[in-house]
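Chain W is fixed; fit chain Z onto it per the hints.
2 protein chains.
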Amino acid sequence: MNAKGRVTLPIEQGMDDQLPGILSRLGADAVRNSDGTWLPEITAQLGVKVYETYFPARGQQDFALANPDARPRFYLMSERVAAPATGPLSIDIMKGYYKLQVEPDQGNLRRWWEVIDRTTGEVVPVDGWTVEGEGVDVTVTVAEPVPFHVYTVNFLAWQVWDSTQMYNYITNNWWDDESRVREIGYDARHPVAWEFMKSSLRAWCEERPEVDVVRFTTFFYHFTLVFNDLGKEKYVDWFGYSTSVNPLAMEAFEQEYGYQLRAEDFVDQGFYNSSFRVPSKVFRDWIEFTTRFVCSRVKELVDIVHEFGKEALMFLGDNWMGTEPYGELFASTGIDGVVGSVGSSATCRMISDIPGVKFTEGRFLPHFFPDVFRPGGDPLAEANESWLLARRAIARKPLDRIGYGGYLSLAVQFPDFMARVEQICDEFRSIHDEGQGRRPQDAPIRVAILNAWGRKRTWMTHMVAHALWYKQIYSYLGVIEALAGLPFDLKFISFDDARDGRLADFDVVLNVGAAETAFSGGSEWLDESLAVALRRFVHEGGGLIGIGEPTAVLANGAYFQLSDVLGVDKELGISLSTDRYPVEQPQHFITADLDDAAKVDVGEGAGDIFAVNDDTQILRLTDKSVDLATRETGNGRAVYVAGLPYSFDNARLLHRAIYWAAGREADFDAHWVPSDPGVEIAVFPEAGKAFVMNNRTDATSTTVSGRAKGLADGGDLTALTLDLEPMESRWIDLA
Amino acid sequence: MNAKGRVTLPIEQGMDDQLPGILSRLGADAVRNSDGTWLPEITAQLGVKVYETYFPARGQQDFALANPDARPRFYLMSERVAAPATGPLSIDIMKGYYKLQVEPDQGNLRRWWEVIDRTTGEVVPVDGWTVEGEGVDVTVTVAEPVPFHVYTVNFLAWQVWDSTQMYNYITNNWWDDESRVREIGYDARHPVAWEFMKSSLRAWCEERPEVDVVRFTTFFYHFTLVFNDLGKEKYVDWFGYSTSVNPLAMEAFEQEYGYQLRAEDFVDQGFYNSSFRVPSKVFRDWIEFTTRFVCSRVKELVDIVHEFGKEALMFLGDNWMGTEPYGELFASTGIDGVVGSVGSSATCRMISDIPGVKFTEGRFLPHFFPDVFRPGGDPLAEANESWLLARRAIARKPLDRIGYGGYLSLAVQFPDFMARVEQICDEFRSIHDEGQGRRPQDAPIRVAILNAWGRKRTWMTHMVAHALWYKQIYSYLGVIEALAGLPFDLKFISFDDARDGRLADFDVVLNVGAAETAFSGGSEWLDESLAVALRRFVHEGGGLIGIGEPTAVLANGAYFQLSDVLGVDKELGISLSTDRYPVEQPQHFITADLDDAAKVDVGEGAGDIFAVNDDTQILRLTDKSVDLATRETGNGRAVYVAGLPYSFDNARLLHRAIYWAAGREADFDAHWVPSDPGVEIAVFPEAGKAFVMNNRTDATSTTVSGRAKGLADGGDLTALTLDLEPMESRWIDLA
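As you go down the protein sequences, you meet chains W and Z in turn. Under the UniProt record's numbering, the final residue of the first sequence carries the number 735; numbering is consecutive throughout. Under the UniProt record's numbering, the final residue of the second sequence carries the number 735; numbering is consecutive throughout.
Do not rely on the hints blindly, as some may be mistaken.
Given that identical chains are not distinguished, each listed pair holds provided it fits within a single copy or across any two copies.
[As the list claims (entries may be wrong)] Mimicking SDA-like on lysine to any residue, the simulated pairs with C-alpha atoms at most 20 angstroms apart in a straight line are:
| id | residue 1 | residue 2 |
| --- | --- | --- |
| 1 | Lys-95 | Glu-632 |
| 2 | Lys-358 | Ile-304 |
| 3 | Lys-232 | Arg-292 |
| 4 | Lys-281 | Glu-134 |
| 5 | Lys-95 | Thr-578 |
| 6 | Lys-95 | Gln-617 |
| 7 | Lys-95 | Val-136 |
| 8 | Lys-99 | Thr-578 |
| 9 | Lys-198 | Arg-292 |
| 10 | Lys-49 | Arg-429 |
| 11 | Lys-232 | Asp-614 |
| 12 | Lys-95 | Asp-614 |
| 13 | Lys-471 | Glu-584 |
| 14 | Lys-99 | Val-160 |
| 15 | Lys-99 | Asp-614 |
| 16 | Lys-232 | Thr-578 |
In short, the hints are calculated from the structure, not lab data.
Chain W with its partners taken away, still in its complex shape (with noise of 0.2 angstroms):
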């Protein structure tokens, strides 16, 4: 049944003898080299597609000595510093930075650097300051400061090692490997860098006729990652824009938007964009501007790889500022398939979505790296936590190939790891073949997340880099870790998208966050208009979920700008004169899969909440405050959760908590919603199968019931009992 391929392996030199065997044993239809290994000469023998990594702007040092101008750039601030009692402030611009990595540009600074009073938010008349040292060591000077004012310097700075190549050789500790030099990068701003950059692709498509894939890893701008004094990561964003800045493309945005650019528009105080902040004006217009850049750009090196009737991939990571998959450019940059690296269900989807490409691939854990392929290892536990968090997505958008990186004569020692991945391309094969390719049936409800960012960051929100586990996110996280897994069509839509109607096209709105983050929206509710257009929404019969601090900002005597909707407000200390009398109700459609009795894990949860109206249903009470609570209001419902960390009872709660908010709960227990939480089903009616997944590590038994026509209404109800082994997944006929 299972069809072979789909699969991409890393292959090295010495197993000539075993390679025909693994790739026919996974099904592997395509290898590609890891660092520091090369492709073997059977290679061309074993009939399959070869990709190769290509950088396009690092990696030539020759070209890069030479050409010193065409580094790339970012801006940073210094320190806050307080001005003394009397006298001028100097400030040592570099304290804190590394200085292999940062080197101050000091090319006609009394236009691109700033200094700012930050007691008061006012920027320093440039003849204010003055500029003493070169090089690394730089030093600022406000002649006449507000005493006991603290200042900031804002500076453009030199990249003088390549982000990537620097994390790498720091991580791995080169420092005595004489055969590595410390890359530089360059801009493909700068017209030499640019024209450069195309010939160096086609000379090396030229000579590599063998390579059918050329991955770019990837194209112009790393994301923002600069390291501290002490060489160890100072400020890391995976979505951060300050490395695509330099003075070239500042002039050409303003001549096409009509204003100037500042350095705070980068440095934004300290925050530089983060994606947590709710995004400036400017910083959305440099976004827009960067991205028809690169995204024009890498169509001509698209092109390039095209003549030579290769494919382009692109690597999801390093230096892919401004391509915005989830951009409307995208797709004219004619790349073939998109890779990144699966650690989650959010992650997975994140690279399935990518609309516009022909095909996505996940490199899922673990990598085949002495880390975790050593003695006493246990590969086997982490390929199989991987693949339980990757199958729920996979199943409800494949990803159109996966494969592994590392070194493949490590994994072969380690039999039951293999033996693993082979059941894991199977079974990955199997959602294809089964399901035809298409995506299965969602529930008949249009769910929305609503922030600051929408559809241009599709499964991206909460993210920090590395996929790093923070105290502030996981409770939120959650949320879009579940909705990978759930049968929704899940949109991001942006509050500019609520505003200009767009909710009409929802039946379930969720704002998800803290406050004063992008994601919950902060500033955003100060605009009536947004808070106007949620409350007709819900009104006219649509369901609202907020989770944490939803449309939080203190104005006008609420917290939550939607609390009379939301039924819930939180407790900052400045009501504590009100009178409170929460009562618990825990019996609801939404937690019938739980414990009544049981708190829900609500992760940091949200601080003190509390019921605002008589008519909110408080679901759960922790020490008086409002973990979940119900409201019904006007036509629609409104649902409360202060934290949701993924779970298998959260990810059900949620599941529930949509379908109780668009009024569909009747219909739950005819959607194949497993007893179990720990079992997910997903439904191609059209197949006349559904695709069951035991998500546990134990084996588990469950009922289940639906109809032969999914999630659509009409037939008979069909009730199972599914016995299920521990990670099983079976496919089931409908009917």
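Relative to the frame of chain W, chain Z by itself:
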């Protein structure tokens, strides 16, 4: 040794044989009746002073019924109601209010009422709304509301039931007691009421030659106490001025201050100017205006009392608004004494520190009421708990008198309790006798708490009515509770004081509280002159201690506006891209009496706190969040604590933090501070003695060292080991 006196006891009829013995045993020199008891005929022969309660503004129902225009009023806000998609919006303004307490006052309502669009904050023009109904059924209709905007009505209402009497009536369930009427109050602003108040008091005094002390309970305006439609408390603010409002007063205010008052000035978006709100200028003006009125009228009543050779005692509570015991006018009233309920060290100091009165009296717990004095009740434990908290405050600033309330006939059934009260009375008097009525010696460190209220709310910060435990305040109340028993001459100063240069009068300044509150400061910190004053203060050698969310308002890239001084700031979720590498360095002078490995109890904490400077020393870190940190900057020092609920350890932590912040840590070991934080010592060098208190209910042994001059320099160091019985206090010689 113990001279008798300084104790007030409630007595009653039917105990004539016992009374002389009890009074003698306790050394009581004053007696009072209680609710529902009468003084026995024997009273005159007991040789003690006689107190009797007097209510100037209620209790004479015939007058009240005959003068409904003299009833007091208050400002209330309706529920927040969203306008429909089309058509008018009708708001039932009494929804949620108690119709036996509240009756809308429709007099000249176009002037005194306001309808506000709470989505924009705009006032609806008076011709845009109409009022239907009368009595307690009143509806306001907005003719053309903006669809889906939220509206409220600010309305003036009659108080048709006196708040305290209502509270007692409902709490004690007097509904079926025909002897009880629902008492109506009267307002001293009303000329007829005022004349009646004076003549009534005069008549009352004439009729009661046996009364020595008139115990006013209290004067004119009750703290804000509003009930809901179920007859339960809806809004209660012990510092609230909502009930002091009426058209006569508002017109007089306008005459005097030159601007018109609005309903919203009192309603304040529904926060009603709670003392947790950063006070507006209008509200400050209103307090000043009302206080001037109240104090001048109180003086007239006190003069009448004095005419009859009696003393005037004010109960600190109920109708106390406008007396402002820490205001500048209070002494001018001529009130002889203040009595208040002692529930903690801080409430004890709140009474004993009132300036300008001849005596202060604390009413101790437990009340001789059947809820405690019943079979199975443990009045002894309550007496001990209450006394241990009161004693450490009394040792710092003695109350002049103590007393009890309730039914003596109940208390005498608990001989253990009565024996303990006898000890307490003796112990209390010993503090006066041995300490010669003076305050003990303070540490040579001048300490201030800085908030929006300053002196006016001395010992009254962070308090919510009934001293209830609130999740939002116990982590801050602990600070003043600790300070109430520590050897510092604490002052409460306002942000205006700080701007006006008064910081120079202090060595250490504390800013304590949650963001957005009057105690932390909220928007006050947007005025840069405040941050500058503090920065200068520390730079010049001052100590700054921030607890919770000090100086917090999000502006110019910082949340704590003095993050550069404190060395810490709070992560709101918008700077997660900045890497942090916090390292705990637990050993420090501040925590020397605690276990280095033990967490400090910071109560609710303050969220995610991170160090912003390399030179911030993190003393305690929990889940990567800073609980406790210190920093040296300029010539000064800063300490940050995430929260400080009261405990022996936390009081000691604060004690040491103040010494360290002041740069006086070298003196600490010679300042008579016991090694056991559960023991405190008040030093009276002029008497050559010190008062040692074991605050523990267990025995303890502790070492201590100090000099004969106490906390002043010079002389030999004496080191002692003290073995103390549970709760023991003891006078020791200093040399």
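Against the structure, test the hints numbered earlier, and report the numbers of the ones violated in rising order. 3, 4
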